[in-house]
Amino acid sequence: MFANLPYLTVVVLTVIGLSIILLKRNMVKVTMGLNILTSAVNLLIIVLGYREGGIAPIYTLAPQTYMVLPTPQALCLTSIVIGVATTALLLSFTMVIYRKYGTVNVAEMRELKE
Amino acid sequence: MIPQFLWDHAPAMTVAVPLLAAFLCPLIGKFTATGRKAWVLAAAAATSALALFTAWRVYTMGTWVYVFGATVPNLSVPPDSGGIPIRIIFEVDAMSALMLVIVAIVGFSVILYSLSADGKRSGLEGYYTLFLLLIASIVGMVSTGDLFNFFVFFEISGLASAALVAYRVEAGRAVEAGLKYFVVSTLAGIFMLFVIAILYGQYNALNIAMLASRMQFTMLDKIALVLIIGALATKAGSVPMHFWTPDAYALAPSSVTALLVVASQASLYGLFRLIFTLYNLSLNAATVGWVLIILGVLSMFVGVTMAIPQKDVKRLMAYHAISQTGYMLLGVGTGLAVLGNVAMLDAFGRMAMEGGIFHIINHAIYKGLLFLTAGAIIYRVGTRDMNRMGGLGHRMKWTMIFFMIGALAIAGIPPFNGFASKLMIYESVYLFNPVLAIIAMVVSILTLASFVKVFHSIFMGPQLPEYEHVEEAPTAMLWGMGILAALVILFGLFPQQVVDSLITPAANALLDQSGYLASILGGA
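Taken in order, these protein sequences are the chains called B and W.
My numbering applies: residue 1 is where the first sequence begins, and numbers increase by one.
My numbering applies: residue 115 is where the second sequence begins, and numbers increase by one.
Hints are computed from structural coordinates only; laboratory data are not their basis.
C-beta: ideal position from N, C-alpha, C; glycine also.
One or more of the hints may lead you astray.
Here are a few chain B residues that sit away from chain W, every Cβ distance over 12 Å (derived from the structure) [said to hold, decoys possible]:
| # | residue |
| --- | --- |
| 1 | GLY17 |
| 2 | GLY33 |
| 3 | LEU48 |
| 4 | GLU52 |
| 5 | GLY53 |
| 6 | GLN64 |
| 7 | LEU90 |
| 8 | SER92 |
Here are some, though not all, of the chain W residues that point toward chain B, as calculated from beta-carbon distances under 10 Å [to be verified]:
| # | residue |
| --- | --- |
| 9 | PHE262 |
| 10 | ILE270 |
| 11 | VAL283 |
| 12 | GLU284 |
| 13 | VAL289 |
| 14 | PHE296 |
| 15 | PHE308 |
| 16 | TYR540 |
| 17 | PRO548 |
| 18 | ALA551 |
| 19 | VAL584 |
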């Protein structure tokens, strides 16, 4: 039960993230939803590489060779960096749209729907 | 004649050159605007030359495996690694090489066109950086042999194209289109990352060849397959995930749109690559093949019917782009549906796949050409509404000729390239299921009808008083369009030679999973 807790967290975060993206119309909240979803996937990757009792995978002067996997951490780090860039661009789009339209609600952005 | 380091490192340099050139752009632009133009053109030419060189070597000497950071550039499995490919690996086979050819051709013509078309805009420092970044990411997507690397390039292409779509930031609509595109693209990216987590958790590998050799096709792999199809078909702009396409294509600057078509096709390439190389026979080929066929038929039909009532010339072309993507899905999907059945595969499956793949390169060229002509018209006339155009044929003769070539090619009229690939699709799909072939032909006729209307309302009729002083598009723009138009005719006149030398090796590379695995893992 306790060992599965991280996976349950992933599920909960995924559901929260997806439902925000699908149900909310405020762009800032949609951006938050995308971020939560990314965190869920990042957590999944980290958990997959975790070994109970393992140490950080640094071989220099390592007291033991039972280590957590380094690759998932590298993947996760890359994904976080991409996430930052994504969030920045999304928020700057939202900012420009707020200036032009006076709203961040996607339902009110109707210029392209005529 | 060709220096040794090119023989060793060309695949890596095809990504590195535009990537480094991109970030030097703003710096050079600080001092001289002309210098920046020359720099961008030189970078695009160098990238295209490297891509063509890589493709040429792959076509003559077989799959090219390039290992980043290895002592020997093609040492994919080091002797002390225990038979596991470590490091990031680029694997350029004939299918990737075909995509490289597309990027080389369209990338260079589009840059040439853009230097003149977008030369007067403000904020050019960032514009060409993003442009070259997009080229670099497409090259990376089509040549990588590593799933996570594919994801990174996928995200770079999403970021760069969304920023380019929203580039005309002064018009709120462009940002709206960019936002729509980017939310969809980010969601697709998260799905891809999820796929990577699922596959890595089961097989402890990120290399596509390694994953394929360990593939068990468990329940989780089926979920991963659904996510892959969902994510990549969305980015390729297939119905029912097409809603971002018309907005993004219509509001991006025209040169960007022509490149976005190629970016979408890189996603399509990713879809085909993962289905055929990662899963291949382990999946239920008939079911997945039919999924692709249904997506294809829906895209074809919905795309063209939505295109007919459009008034905005670029929006209309964007819907046609969706419709043409359907042909590729139909062709390759038919090949996939008969994958397990050798007799049917040889009878028509291979030909259907060749038709679908041939259509990818043809589409990139003629659709790029059409978007560039639309851009030239908008550049001179200043409106995108076709009802307000008319009689432009009197003043813009070259643009009219190029538009005609593109329009006849997309409608599948001989002797242009669209005819060659569509004929292959009709013939082979007819043997598989006559109804599908008939739908494809009807869509082609509707396409022709739609473009006749467009042609008439833009170019025909008496010269309108407000367009009396409209001039022909600038020379650099004409050259950009001319390269593509010449290729449309060339591919249309010699389809057999193109198919034999470019397309058949690509289709075989896609079908030959064990060959792909062997070139990385050795004889295993």
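Quick rundown of the hints versus the structure:
1. GLY17: violated (9 Å)
2. GLY33: Check fails; 10 Å does not lie beyond 12 Å.
3. LEU48: violated (4 Å)
4. GLU52: Since the minimum Cβ distance to chain W is about 16 Å, GLU52/B lies beyond 12 Å and the statement holds.
5. GLY53: holds (19 Å)
6. GLN64: Consistent with the label, GLN64/B stays out of reach of chain W, its closest Cβ about 21 Å off (over 12 Å).
7. LEU90: violated (6 Å)
8. SER92: The claim breaks: SER92/B does not keep its Cβ more than 12 Å from every Cβ of chain W (closest is about 9 Å).
9. PHE262: holds (6 Å)
10. ILE270: Holds. Min distance 8 Å.
11. VAL283: holds (6 Å)
12. GLU284: Holds: closest Cβ of chain B sits about 9 Å from GLU284/W, inside 10 Å.
13. VAL289: With a closest approach of 5 Å, the VAL289/W hint holds.
14. PHE296: holds (6 Å)
15. PHE308: holds (5 Å)
16. TYR540: violated (35 Å)
17. PRO548: At 39 Å from the nearest chain B Cβ, PRO548/W fails the 10 Å test, so the hint is violated.
18. ALA551: violated (35 Å)
19. VAL584: Violated. Min distance 27 Å.
Going down the numbered hints, you'll see the structure goes against 1, 2, 3, 7, 8, 16, 17, 18 and 19, while the others check out.
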